[in-house]
Amino acid sequence: MTRLALSEIAKRLNLHTETFKRWIKQGKIPVTKSGNFGIFNEAELNKWAAQQRSSFRTAGPDEKEENCFVSCPLLSAVKEGGLFKNIEGRNKDDVIRSSVSRLSGIPNNLKSEIYEQIIKREKLSSTGIGKGVAVPHPRSPLKQGLSYPMITTCFPDKPIDFDSIDGKPVFVFFLILTPSIEVHLNLLSKLSFCLRDSTFINFLESGPGFEIFLDRIKTMERCME
Amino acid sequence: MKWFKFWRYPGKFDFYRSDDRLLLIQIGIVVGVLSGFASVGLTWSLSAMLDSFAPFRQLWWAFLIPALGLMLSSLFLEKIMNEGAGHGVTEVIYSVSKVGGLMRLRSCFSRLISSCLTIGSGGSAGPEAPVVMSGAAIGSNIARFFNLNERQRITLVGCGCAGAISAIFNAPLTGMIFSMEIILGEWSMVHIIPIAAASVAGAETCRFLEGNRIAFESSAFHITSYDMAACFGLALIAALASVMLTRMLRKMHHISVKIPVPFWLRAAIGGAIVGLIGFAVPDALGEGYHTIHAMIHGMYTAGLGVAAVACLTKIITTSLTLGWGGSGGVFAPCLVIGSFAGIAFQRLLLFAFPTVMWSGEGLFALLGMAGMMSGLLQAPLTGLFLIVEITGSYDVMVSLIIVSALSTAITHYFEPTSFYLKDLIDNGSLLRPGTDQRVLSDISIREVIETDCIAVLPDMLLKDFVEIVKKSARNFFPVEDQQTGRFLGIINLNKIRPYIFNTFLYDTVVVEEIMDSDPEVVFYDDELSDVLQEMDSKNYFSMPVISHARFIGMVSKATLLDKYRDELKAQTFHIV
Amino acid sequence: MIKTLLHVFRNTPKGREVLLQSLYFCKLTGVSIVIYIPEHPKFLMYFDNDAVQVDLDKTYLADPATAKQHAEDLAEKAGVFPKFIKPKNFTASTLPDIPVHFDFMCCPRIIASLSAKISPGHIGPKVRRIINTATFPVLMPVPQFKEWKSLVVFFGGSGIDVKELKLALSLKRATGFPLYIFTQAEKTPKDYFEDVLAKSGLDGEIKKNVKKWYFFSKGKFKHNLYNIPHDALCILGAYDKEFVKDLIWGSTVELVQKTLPNTLLIAGPHYIIPPG
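Residue numbers (this note's numbering), protein chains in the order written: chain A, 1 to 225; chain B, 226 to 801; chain C, 802 to 1077.
If you're looking for bench data, these hints aren't it; they were derived computationally from the structure.
Hints are supplied without guarantee of correctness; some may be wrong.
Only pairs whose alpha carbons sit at most 27 Å apart, straight line, appear in this in silico DSS-like list of lysine-lysine [to be verified]:
#1 K696/B to K11/A
#2 K647/B to K887/C
#3 K237/B to K815/C
#4 K25/A to K11/A
#5 K950/C to K828/C
#6 K788/B to K47/A
#7 K1000/C to K304/B
#8 K47/A to K794/B
#9 K111/A to K123/A
#10 K889/C to K476/B
#11 K967/C to K950/C
#12 K794/B to K237/B
Note that this is a predicted model, so its numbers are computed, not measured.
Working from the sequences, and respecting the hints, build out all of it.
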């Protein structure tokens, strides 16, 4: 016999407390009430829950609250991705291939897939967003092989033609790899907030080191909040 | 002290936890025995009263006896017991379908005494409904004593009814079927076993106290194909009689409430009229079992005209007694009217086809009863089994089936709801298990409400509002007064979508200008079925919920479906 | 979520005092009032495990024409938005069912028509039964309207849920009035009570919110009640359901009711603390 607060059991069963109380009263659920507590047999309640619907869980209140507005700090993604300078390559495809090959923590067979996905996306329309900046990313979020979103900052050794909207050659691009669409959108909007700032572009043109770059992102992100 | 408390909560014993059927059977037997005692007690006191009044029946002032009886009966119910007037069986069905089988303690005996006064003094009513009511109340109160939950309580109410019916007719099968068909409206294994046990217990109690007697034992009938053909005609007659009784009962009630006299005087007037009619047709008084006896045994001698008049008179006296303030049921009068109708029909057949060898008149009386019962109660099985059991003649089964099925169907054509359920259906309080209304009435608005809407103030700029839209997961934004918190209106994102991207309006438009200031709302304590009806008729998918002029949340069809399924599953879990 | 108080309105000067009391309570605690103006001399309340029929005093039906207007005027003056309920269901044609899903109910000491037979200082049987079965606490006002400016909770140390303390704390949060605890300990040491508090996890909150703990280990309960401020709302828990009921009921609650001129708020054994 287990004894738990009524609201606690209702939460575990994913039920409204009122519904749960009413079901006890009406005898629709194998739980008896004693004051503010419910008394039940764990196995029996599990059996009942399984017969009701699969989403009932009696395990414990460990499931995370689902939220459609995922917030992911830009800083950690940038840190995860790293910063690479002097990426060789004469055209768009070349630089993307060599930057993908430098990615850390990703198995090689996945790298070629990532590359193909990015190129596919580029064919749809260029990710060069102007002012000499581009944000290449795969068409769809990566299903596996990625536990944490990463933004890799890459400086080609010379500006590359990226078919940008304003026609300017690209001197820096951010490779965005994320596990889900929500995170992707969140990071992209944060990044674009930074890139709207022309002083930030100037800062990038100066070719900063990784540490200084992270510091700058940190301050920018604080501004956003 | 501790053990005493524990003992009052048998639902918490480990032994009964996984399957409470055993518990319900045990308590059910107790309930059955107690309702058996109630019914035997009523029969005994009734016959004592009838015997003591018998010598006065021929005196000129005998019509005052029913007047006095009805007056005392209504005074007792209203003033001493403080029961609101109501029909016994209807009240039991109400309590089962609406309040989880809760009944007042006083109902255990109040109807017994008042109906004893009514019937014993000569009022035309039956002792069955009062016994059913007290049986049900006994079941309910025992369930309350043991702190059982609603489902178990309802089963015990059913047990009480079954025990009562089976004891008063010495008919265990009928008790069981009556309880399932009329009271509970549900055939499920969890109910059947305890109810069967209670039914047998009730019948055994009655047999122990009164001996095993079959109420109207009949000799065997030789049924010919002519008789079978006659069944169809008889079904029609019985159906017409039951329609007439139903309408007459209602009409009498309507007439009586219009008479501007106190209720006890009204009852007395009704009783006096019944008494006066009784001088002309003595068979129309009382519960009338001895008349049925005579008819089944073929000892009723009157001809076609007398039988037909007796049938009509009985309908009138019954509706007078019950409609003007007497207390009792329609079961027994129904049987009497049915047998009169059967006899009348048989006399008619004899007159029309004198050459045919008809089976005895007892058969027709019997079939008439079945037809009348099934027609009035809209319950063919109850009528059928009652007649089989109280007459002990299984050889008439086929003709009984024909009559009761046909009579139910024909009556249904005129009166789509049975006499017991009419008022309940009119108020929307008949909720049979597993139906849409049942599910909807169980769920309350507070369980389906979505409270995660973000409230905004009326003087907010569109610019600021857009910021709030970003944060919200919902399409609706209630507008509330800053000081009082009163609900002013609601913003539906779907309606303002074209403007919210227009940055020119951001600083010029305030929330007050874009809100719907007079939306259709529902209230926090509304019934969900009404809310859904409102939504359906206006084609809404969600509506704001208001309480005390404040916004509480939204109720939407999407959430409702989710809850609805859960509820239906939980509700039908035991019906396997 | 909006909390509600059920008030059965009696359209008489005495009934007005009682309504004023309810309105005062509602205004201070932010509870909304639901008013029932009886149209029949009796009504039924179906609780979880009991059906209580209340046969009202005849005065409850006095002058129905002006009743609603009177109630509205009073509520408006108090600044409380009233809601009137009409019974939707009838058990019998003259016997309406009143819903029971409220957070409080206002019951004068006696609600049933037997009033003449009950000696002063006793709680009527129907009111007792309501307290005993209801899932909400019952507000029992004094006959004359009297404002209260502090809260006193009677803490007897029994009951694992310490519901009366939780109720008192929620009222303290809503009203901001000072809160006192009253304990008649007899022979039990104070440690025991503190232990109960610690077990229920309320000790911190109690320390923060309670102004003073009247703790009596000697003297008669009846006499010690003199220490209770005259303008306090007294919160009591009536616990055990069976035999103990009569012991505690017979003594504590009735005694308090008899002795104190204060408005009482009584939480019965089936009282459930609402979430949040």
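Structure-based check of each hint:
With a CA separation close to 25 Å, the supplied pair K696/B and K11/A stays within the 27 Å bound. About 22 Å separates the Cα atoms of K647/B and K887/C, which keeps this hinted pair within 27 Å; it holds. Note on K237/B and K815/C: the hinted pairing is violated, with a Cα-Cα distance of about 46 Å set against a maximum of 27 Å. Distance check on the hinted pair: K25/A and K11/A sit about 18 Å apart at the alpha-carbon level, within 27 Å; holds.
Of the pairs offered as hints, the one joining K950/C and K828/C holds, with about 13 Å between alpha carbons and a cut-off of 27 Å not exceeded. With a CA separation close to 20 Å, the supplied pair K788/B and K47/A stays within the 27 Å bound. Distance hint between K1000/C and K304/B is unfulfilled; the C-alpha atoms sit about 52 Å from each other, more than 27 Å. Of the pairs offered as hints, the one joining K47/A and K794/B holds, with about 14 Å between alpha carbons and a cut-off of 27 Å not exceeded.
Taking the CA atoms of K111/A and K123/A, the gap is about 18 Å. The hint holds against a cut of 27 Å. Among the hinted pairs, K889/C with K476/B is consistent with the structure: their alpha-carbon atoms are about 24 Å apart, no more than 27 Å. Under the criterion of a C-alpha separation no larger than 27 Å, the hint pairing K967/C with K950/C is consistent with the structure, at around 19 Å. For a cut-off of 27 Å, the pair hint linking K794/B to K237/B stands: about 24 Å separates their Cα positions.
When the structure is compared with the earlier hints, violations turn up for hints 3, 7 and for no others.
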